[in-house]
Structure formats: C-alpha cells, structure tokens
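Protein chains: 4
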Amino acid sequence: MQDLFIYKRQIQFGDTDAVGIVYTVRFFDYCMEAIDAWQREYLDIDWFDMVDKRRIGTPMVKIDMSMTGPLARGKAHITLLITRVGKSSVIYQLHGRDEDGNDCFLANFTYCLTDCTYFKPIPIPAYFRPIMEDYHQLSLASNEII
Amino acid sequence: MQDLFIYKRQIQFGDTDAVGIVYTVRFFDYCMEAIDAWQREYLDIDWFDMVDKRRIGTPMVKIDMSMTGPLARGKAHITLLITRVGKSSVIYQLHGRDEDGNDCFLANFTYCLTDCTYFKPIPIPAYFRPIMEDYHQLSLASNEII
Amino acid sequence: MQDLFIYKRQIQFGDTDAVGIVYTVRFFDYCMEAIDAWQREYLDIDWFDMVDKRRIGTPMVKIDMSMTGPLARGKAHITLLITRVGKSSVIYQLHGRDEDGNDCFLANFTYCLTDCTYFKPIPIPAYFRPIMEDYHQLSLASNEII
Amino acid sequence: MQDLFIYKRQIQFGDTDAVGIVYTVRFFDYCMEAIDAWQREYLDIDWFDMVDKRRIGTPMVKIDMSMTGPLARGKAHITLLITRVGKSSVIYQLHGRDEDGNDCFLANFTYCLTDCTYFKPIPIPAYFRPIMEDYHQLSLASNEII
Numbered sequence: 001m002q003d004l005f006i007y008k009r010q011i012q013f014g015d016t017d018a019v020g021i022v023y024t025v026r027f028f029d030y031c032m033e034a035i036d037a038w039q040r041e042y043l044d045i046d047w048f049d050m051v052d053k054r055r056i057g058t059p060m061v062k063i064d065m066s067m068t069g070p071l072a073r074g075k076a077h078i079t080l081l082i083t084r085v086g087k088s089s090v091i092y093q094l095h096g097r098d099e100d101g102n103d104c105f106l107a108n109f110t111y112c113l114t115d116c117t118y119f120k121p122i123p124i125p126a127y128f129r130p131i132m133e134d135y136h137q138l139s140l141a142s143n144e145i146i
Numbered sequence: 001m002q003d004l005f006i007y008k009r010q011i012q013f014g015d016t017d018a019v020g021i022v023y024t025v026r027f028f029d030y031c032m033e034a035i036d037a038w039q040r041e042y043l044d045i046d047w048f049d050m051v052d053k054r055r056i057g058t059p060m061v062k063i064d065m066s067m068t069g070p071l072a073r074g075k076a077h078i079t080l081l082i083t084r085v086g087k088s089s090v091i092y093q094l095h096g097r098d099e100d101g102n103d104c105f106l107a108n109f110t111y112c113l114t115d116c117t118y119f120k121p122i123p124i125p126a127y128f129r130p131i132m133e134d135y136h137q138l139s140l141a142s143n144e145i146i
Numbered sequence: 001m002q003d004l005f006i007y008k009r010q011i012q013f014g015d016t017d018a019v020g021i022v023y024t025v026r027f028f029d030y031c032m033e034a035i036d037a038w039q040r041e042y043l044d045i046d047w048f049d050m051v052d053k054r055r056i057g058t059p060m061v062k063i064d065m066s067m068t069g070p071l072a073r074g075k076a077h078i079t080l081l082i083t084r085v086g087k088s089s090v091i092y093q094l095h096g097r098d099e100d101g102n103d104c105f106l107a108n109f110t111y112c113l114t115d116c117t118y119f120k121p122i123p124i125p126a127y128f129r130p131i132m133e134d135y136h137q138l139s140l141a142s143n144e145i146i
Numbered sequence: 001m002q003d004l005f006i007y008k009r010q011i012q013f014g015d016t017d018a019v020g021i022v023y024t025v026r027f028f029d030y031c032m033e034a035i036d037a038w039q040r041e042y043l044d045i046d047w048f049d050m051v052d053k054r055r056i057g058t059p060m061v062k063i064d065m066s067m068t069g070p071l072a073r074g075k076a077h078i079t080l081l082i083t084r085v086g087k088s089s090v091i092y093q094l095h096g097r098d099e100d101g102n103d104c105f106l107a108n109f110t111y112c113l114t115d116c117t118y119f120k121p122i123p124i125p126a127y128f129r130p131i132m133e134d135y136h137q138l139s140l141a142s143n144e145i146i
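Here the protein sequences come in this chain order: A, B, C and D.
FYI, in this note's numbering the residues of the first sequence are 1 to 146.
FYI, in this note's numbering the residues of the second sequence are 1 to 146.
FYI, in this note's numbering the residues of the third sequence are 1 to 146.
FYI, in this note's numbering the residues of the fourth sequence are 1 to 146.
So that you can see chain A by itself, here it is in the shape it has in the complex (with noise of 0.2 Å):
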C-alpha cells in the first residue's frame, strides 16, 4: 500500500518563544505548508498557481486543532489525511510529531473552493477530483485517521 505524505519541518530558531518551545501559531504555518507540499506533490499545483492559473480561490473556511503535547527541535513531522472530499470543499487532517513519533497536535483543515471572481463556491475540478478521492481511501484504509 501506498505511505501516507509526511511533511518534515525543519524547527527554526525564531519559530520557538520564550519558553524554548514552538510558538503555538507556528504550527497553523506548518499545517499549510503540509498542505500546499501535498497539492504540491499529488495535484501538480501550488496555491499561487492555483490562484494565477487556475483562478481558484482555496480559502480555509473551518480550522480546529488540539495541541496534544510539546514540540521543540529537530524537525516536526506532519502525516497528512484527506478525512473528506466533498462537493467544493476538502477536508485535511494534519497529525503533528517531534522525530522521536512523540505527538505533538491534530489537527483538521476545511476549505473550499471558489471562483476568483465572485468568491462562490466551485465543483472541486474533474482534474484535482480523483486524486483527493484516491488519497481520501488511502487515509482511510491507514487507520490513522481520528
């Protein structure tokens, strides 16, 4: 079977606080990073191309995530699941680890897509579809998902 995507974040110096430990925002910053890899990787399209060329728009409409313990150095590793795919809209779920498999936050990412022009929400496109699909069966068959 085919691995799940694993974004691996390098931890900059400047991304911890003063407590010595990663700013909680960062980890949003590396949830989407994560995200634009995986499109990146699996649709052949980054977000600016996304908006350039395709003239999508991909806002986030719905973020939750619970911070399930530190994360401090090395690099995180962030497994990303498709959870759903629906009519315009995506569901990714970001499950963050330190190097040692440590969990560090869950995470779910909802957004939807929409024409440039008048922000309204769009049929995700017959290119971008089969492959969520895929990937969508792929998370669900790894048991990963919560």
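One should not assume that every hint holds.
Which copy is meant is left open, so a pair is good if it fits within one copy or across any two.
What the hints assert, rightly or not - In silico DSSO-like pairs for lysine-lysine, Cα to Cα no more than 27 Å straight-line: (1) K75 with K120; (2) K53 with K75; (3) K75 with K8; (4) K8 with K62.
Hints are computed from structural coordinates only; laboratory data are not their basis.
Predicted model only: the values in this text are computed from it and were never measured.
Fit chains B, C and D to the known structure of chain A by using the hints.
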C-alpha cells in the same frame, strides 16, 4: 454596563498573501495578541511575567476557528469574551471584524494553566479567578457569545 | 520644536526565540511597521493605498542594521528619522530602544518609489515631498541622526 | 572543487504580500534559515544546541542587504559564502536568486560568538574554526564573493 474588550490591530502589509487579503494564519497571531492584551489590561500581567515571575505555564490545548469573511485593510477589531472559567482552564472566544463591522472570523481558544516545573495543571490562582469570572459574567450578559 | 515620531510596539510572546529575547528578524518587521505608521500619520496613506489607489510601488532597495543590545520585554520604542530625500528614494533611519531607553538596534531603510506597471523609479509625488523634506529638517535638527 | 552550499527554500503562500511578491522581511528569515542549514550540515550543530549544549550565544551584530529583484514563486536559491573568519566573529554572505537564476538579494550577516553567561565574545571554538576557514577558502576560490 462595562464594555467588552476590543483589541484593535493594524493590519500590516506583510500580513497579507498574494491574493491581497490577510493570510489565514495571521488571524491566530491576532487572537493570541488579543488574549495577551486582555491579560495585560485585566490581570495586569503579560505572558512573559506569567512564566518568569509567576512560574505559570499557559499552553493552548484547543483552538478552533471559523473564517466568515475576508479581512484586507485598516484595523482588525477583535472582541474578546470569556465563555468558560474552569478549574485550571479558560476559554476565550474571539470575534474578528473589519473596520466596517463585517464578520471575518469566530474563534475559541482554550488554555490551561500549569506549573512550569512539572507541566501539570494548576488551579487558576486566586488573584486571577475573580477577574476572569467577572468578565465571564459580562460576556454572558453581552449577548455576543456564539 | 515638533517631536520626532516614536513607534511603540508591544513585544509579543511569539516574537522571542528560545533564548528568550526578540528574534533578530523581528526587528526588521518592527521597522517596516514603524515606517508604515509614520506614513499613515504624516502622509495620510498606508502601503496598501500606495499600491491600490496611487499605483506607487515602494520596494526597499537597501537595508542595514546594527544590533546594539538585546530586547526582551514590554514595548519597543522605535524613533524614526529621515536622513535623505532623493529624487525617487527616501532613507529612513530607525533607532530601536527598550522601555528603559537602552539601545537595541540602529537601522537604515532605503526605499524607492516606482510606478506599478513598469517598476521604474518615479519622482516622489508633490503631495509627499514637502512633508518628507520638513521631517528631514526636523530629523537633522534633532541631533539624533547617527 | 567542492561546491558552495545552496539553501533551497520553498516560497510559502503566506510569505508574499499584497503585491504578490515575497515580503522583504521574509528574505531575512530565509537567510537565517540558510545559515542554520549550513551550520547543521558543516558544523553538525543547530542554533538550539549551540545554546543548550555548547552554551554559546550567537547574536547577529550587523546585517546589510541589497534587494536587486523581486522574488515571487517556486524555490528561492540562496548561496552561502563565508567572507571573513575573525577571532570571535564570522561574516556570512548570502546571494538570493529565483529558480531561473535571477538575482533577488545580496546580504552580509555578521555574527559574534559569545558565552551565554556574561554575553562576552569568545574565541571561535577549535572544533568550528578549521571548518569555517576551509569554507572561507572555498568561498574565496569561487569568484562568487561580491
């Protein structure tokens, strides 16, 4: 009746993304700043002194946010409410609007007070609790809570 | 004599690094904010409107900074001076201090006004120039310039 | 001859500003990351361990940067050179280019090694110096230094 606390945050040019609106993750930065600003005004303490002087850790344990509209220019107006004061935890609710009063986001930040040595939850200190509970009552009376 | 403009910036918990002081790169964010704040107050325009309404691009072309002391808590006080008003360019000098007046950094930001279509330098517009030149005179008279 | 170190940095959607190009201050973040990446590869240490394990402080004391072109999409390619190895200080020079090889910025970062207790300059440790000097020779031989 006392007014709810509103944190007014100048939107910086670097806060926006290539679409020209505030990048979603910056909303979380704005909320953290709003909570810190409230704590400085109401509890007379900032996060640095929480750690340095009181030896209190304040990890966020859960965050959720719904994005309800774009935010682009001027000042973000973030209304802060307290929706729950628990034994060790507090839930802040944050309503983000643009200068014209249009809704941009609605978020809940749950954080937990801990000791800085063993990272175990501690009861909310006596010098914070009544202030938080008063503000919780004010929040309830405001009809703003969602 | 009119006072020099001082931008007072609350240091956020996430601005610091694992050593517990403000991460060097944040100084540059603070300076950009200070310049924008000065322009809003003196020129009655922010960077968004420069681009959107005036069709003026404002790329930084040169920045230098000396770090002279750590910055850790409270508000950064950033004094803004204008050290040169050229045909198309302006040099802002920024003196960063902590709340007790200790020096933290000294920086020069040179930026160039351009048209937004061809990215060529344009003369500083007539509605900005006298204000900039007055402030330049004020800066010279202040004995603060280094 | 050994190649110069090039740090390739994915440009994130949130790194750009309302004009759609990378916000100037992000260049400084990229450079700090490049220096840290070089140190991890060549000195086998990151900034966290510098402080935690070696008790070495590494404050930047001077930074200058010329911006020579916009950076918008794809990966930034940042070539790192060492232009000087002093008693306590090192000067890193960083050449930023876009994926097509167009110049974006040229920067010099001077940093000073200090002890973490008294913040006084210390001689560059013996286990770092020869590596830095070798890389300095490589930089000189590269004809890349400006």
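Results for each hint:
For a Cα distance limit of 27 Å, the shortest separation of K75 from K120 across copies, 26 Å, qualifies, whereas the shortest one inside one copy, 38 Å, does not. With identical chains, the CA atoms of K53 and K75 are at most 27 Å apart between copies only, with a shortest distance of 18 Å across copies and 33 Å within one. For the homomeric pair K75 and K8, the shortest alpha-carbon distances inside one copy (6 Å) and between copies (17 Å) are both at most 27 Å. Taking identical chains as interchangeable, the C-alpha atoms of K8 and K62 lie at most 27 Å apart whether they share a chain (24 Å) or sit on different chains (23 Å).
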